[in-house]
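Asks: Sequence:
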Amino acid sequence: MVARDDSVIRGSLIASLIFLVLSFALNFFLWKQADVASSEAAQIREKLSSTGSELKKISDQSELMKVMLGQGSMSEAEFETLKQSSSGDPAMEAIEKQYVKDMSLFGADVDAQSRNYSKLPEFLMSTIRSRNDQFRKATEDVQKIRQQADNDIANARKAQQVAEQKALDLQKKLDSEKELFVQDRERMNQEKEKTRDSLTKLTQEYQNLNRQKIEETTMLTRKKDQLQNTIETQKYQLNQLRSDGFENTQGRIRFVRGDIVTINLGAGDALRPGVTFGVIAGDETRLKDAKVKATIQVTRLLDEHLAEARVVARPEIKYPIIPNDQIYSPFWAPGRKVKIALAGEIDIDGDGRPDNEAIKGMVQAAGAEVVAEVSTAGNVRGKLDASVRFLVVDDKADERQEDLDASQVKAIGDIKARANELGLTIIPAWKLQAYLKTINDTLTTPLGSAAREEDFGPHTDIGTGQRYPTALPEIYTRQLEGLQRGNEILQP
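Position 450 (the sequence shown) corresponds to 450 in the UniProt record's numbering; numbering is contiguous.
Since the hints were derived computationally from the structure, they do not count as laboratory data.
Just so you know, these numbers come straight off a predicted model, no measurement behind them.
Hints are not guaranteed to be accurate.
[Said to hold, decoys possible] Distance ranges between label pairs, derived from CB positions:
# : residue 1 : residue 2 : range
1 : 223       : 183       : 32 to 40 angstroms
2 : 386       : 223       : 22 to 30 angstroms
3 : 126       : 58        : 46 to 54 angstroms
4 : 358       : 383       : 43 to 51 angstroms
5 : 358       : 291       : 50 to 58 angstroms
6 : 386       : 207       : 43 to 51 angstroms
Just so it is clear, CB atoms sit at the ideal spot from N, CA and C, and this is done for glycine as well.
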């Protein structure tokens with residue numbers, strides 16, 4: 001039983017070994033077949049890839065050939081790439097180089113899309129036709145130029161013949177002129193002798209006239225010096241006469257009643273309401289030294305030579321206003337306005353800023369006018385001439401000279417010198433302000449052509465024949481604010 005089991009086992013083992021050997025042999029055979037098949041497949045794939053690359057290369061070359069023949073287009077970048085390409089195919093490279101060379105016949109103005117062999121013949125034919133046309137035109141131009149040159153040569157020959165004939169005529173004329181020249185030279189020599197004698201006489205006459213001229217020049221120079229001295233004297237006298245004091249009075253007081261007076265000036269004298277006068281004694285003869293006793297302001301025009309005025313600066317009791325007193329205003333003249341000029345920047349209120357505009361308004365309100373303004377640089381705005389009455393300067397300018405430069409100081413000096421030459425009266429700003437300033441705002445009448453109604457009482461007829469009042473008015477009995485101060489003719 002045991003032996004039987006061993007034979008079975010050995011038989012099974014042998015069978016297994018046989019099966020294993022057969023299985024190994026079968027696997028080896030299958031592996032060998034698979035390896036051969038894989039190698040064949042790799043060779044087939046490689047051959048297929050090589051065949052595809054060759055096919056693509058042939059296709060690209062075919063497309064390039066189509067483009068070269070005009071089937072399709074090529075960009076400028078592709079054309080530039082084609083110049084640098086190296087395909088490895090000598091035949092194709094030769095074709096590409098020849099193509100690039102042939103396409104250069106088109107010129108740089110033809111784009112790459114229009115460059116191909118199909119359009120090259122047409123382009124070359126057009127170019128040939130154009131060159132033929134140009135050659136034909138050039139040939140015609142050459143023929144015209146030759147013809148014109150022949151004509152010019154013919155004309156030049158004719159002109160040469162004419163010129164030669166003229167030269168002969170001129171030579172004959174020259175010979176004739178030479179004969180005349182010899183005759184004229186002899187005549188001129190004779191005239192020269194006569195001229196020399198005449199020149200001697202003229203020289204003597206010139207010397208005599210020169211001596212007379214010197215004597216007359218000396219006499220005229222002396223006369224000019226005399227006239228210059230006369231002018232300087234007259235300028236000095238004019239400056240003396242045109243001082244800022246009284247020159248002459250313009251009118252007189254006719255009647256006095258309280259704070260109201262009448263004067264012998266009116267519409268016929270071009271008077272207007274608002275004009276201010278100073279009052280001086282009627283018996284004053286030295287007007288320059290006269291004392292202004294009071295200030296009055298015209299309120300109404302009554303007649304051609306009659307007007308009513310109010311007292312705006314009362315006199316002292318010992319110097320009452322009486323009929324026949326004289327009146328004077330530096331800013332009024334019959335039939336004309338007093339002209340004033342301002343020099344530089346004028347500060348009248350001490351705030352360090354110029355008050356020229358305010359001064360102009362005050363002057364215009366007083367009846368005068370500012371016709372010229374002179375800057376510290378010497379520039380004149382307006383008209384500065386002898387018709388100007390006053391040149392107003394800043395009385396504090398001397399204190400500020402250290403703040404001015406040398407050119408401004410010189411300009412101010414030149415302005416004053418010019419005013420003296422014109423005979424103008426130079427007054428400081430404080431004196432102009434004294435003429436214009438009012439002593440009491442409650443007495444101020446608007447300056448100009450109108451006055452406030454409440455400033456004046458009802459008008460009553462005043463007899464022009466009455467001379468002296470029988471009693472002193474109240475104005476002379478009360479001593480309050482508002483008395484006349486010195487010779488200041490005040491503006492209300």
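Asks: Indicate whether the distance between the beta carbons of residue 386 and residue 207 respects the range 43 to 51 angstroms.
Replies: Distance hint for residue 386, residue 207 holds at roughly 46 angstroms.
Asks: Can you tell me whether the CB distance of residue 358 to residue 383 sits inside 43 to 51 angstroms?
Replies: Since the Cβ atoms of residue 358 and residue 383 sit about 22 angstroms apart, the hinted range of 43 to 51 angstroms is violated.
Asks: Between residue 126 and residue 58, does the beta-carbon spacing fit 46 to 54 angstroms?
Replies: For residue 126 and residue 58 the Cβ distance comes to about 35 angstroms; the hint is violated.
Asks: Taking the Cβ atom of residue 386 and the Cβ atom of residue 223, is their distance within the range 22 to 30 angstroms?
Replies: Given about 24 angstroms between the Cβ atoms, the range holds.
Asks: Note whether the CB distance of residue 358 and residue 291 lies within 50 to 58 angstroms or breaks it.
Replies: Violated: the Cβ-Cβ distance is about 30 angstroms, outside 50 to 58 angstroms.
Asks: Does the Cβ pair residue 223, residue 183 satisfy 32 to 40 angstroms?
Replies: Given a distance of about 57 angstroms, which is not inside 32 to 40 angstroms, the answer is violated.
Figure legend: structure checked against the earlier numbered hints; hints not met, in rising order: 1, 3, 4 and 5.
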